[in-house]
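These protein sequence lines are chains A and B, in that order.
108 is the number that my numbering gives to position 108 of the first sequence; each next residue is one higher, with no gaps.
63 is the number that my numbering gives to position 63 of the second sequence; each next residue is one higher, with no gaps.
Not one of these hints is a red herring.
Taking lysine to aspartate or glutamate pairs in the DMTMM-like style, the calculated list, with each CA pair at most 25 Å apart, reads: (1) A:K57 <-> A:E96; (2) B:K5 <-> A:E85; (3) B:K5 <-> A:E56; (4) B:K68 <-> A:E44; (5) A:K102 <-> B:E42; (6) A:K102 <-> B:D84; (7) A:K102 <-> B:E58; (8) A:K78 <-> B:E42; (9) A:K78 <-> A:E59; (10) A:K102 <-> A:E44; (11) B:K71 <-> A:E44; (12) B:K56 <-> B:D31; (13) B:K54 <-> A:E96; (14) A:K57 <-> B:E42; (15) A:K102 <-> B:D59; (16) B:K5 <-> A:E44; (17) A:K57 <-> B:D31; (18) A:K102 <-> B:D55.
No wet-lab data here; the hints were simulated from the structure.
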Amino acid sequence: EPEVTQTPSHQVTQMGQEVILRCVPISNHLYFYWYRQILGQKVEFLVSFYNNEISEKSEIFDDQFSVERPDGSNFTLKIRSTKLEDSAMYFCASSEALTGGKLFFGSGTQLSVL
Amino acid sequence: DQQVKQNSPSLSVQEGRISILNCDYTNSMFDYFLWYKKYPAEGPTFLISISSIKDKNEDGRFTVFLNKSAKHLSLHIVPSQPGDSAVYFCAAGGTSYGKLTFGQGTILTVHP
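Let the sequences and hints guide you as you build the complete structure.
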């Protein structure tokens, strides 16, 4: 069964450093997303991406965050200057359709900011 | 953000019995509702969904019920199996581009 692949599974970084989280969505999917879950809290929407541009973003997704689809397969989330509160599990997801909610999630990248 | 709430942090059920997981929402603009299942060290996995124009959707052992007037939905698992033990998330979406609002999750434990 096709799956969304995320790398790395764990990332440790120092506060103020830049990190790039990588994702390979399912090949025939056109819509891509990043969600995150801070320990003990809800899974939160960050951003959706279609046709090489952001479709929607949450209040969390400020200027420190950016997304990119650098080639035909990868989808990345960059955090320019990490803060302690950015520590969370980051999930990439993709879907065939824009609505309906059937998203396919990757296993996540656990980001720890020290 | 309390738009989607799962008030039971955990549920324990005997194998073969029914599991009922509940979810409440406040935003009447949601168009569809979903249940996701999550095992440790994995991402959420889609389980079942329901459109706001329906009140029931069934898929094998899983049935989701939607009560729009009460802004409540539930997931029934019959019969429950030990492999169903996981965290279950209720989620809701509207016209926004793939944005889902999740509940806090309910840990289901099915005992053999």
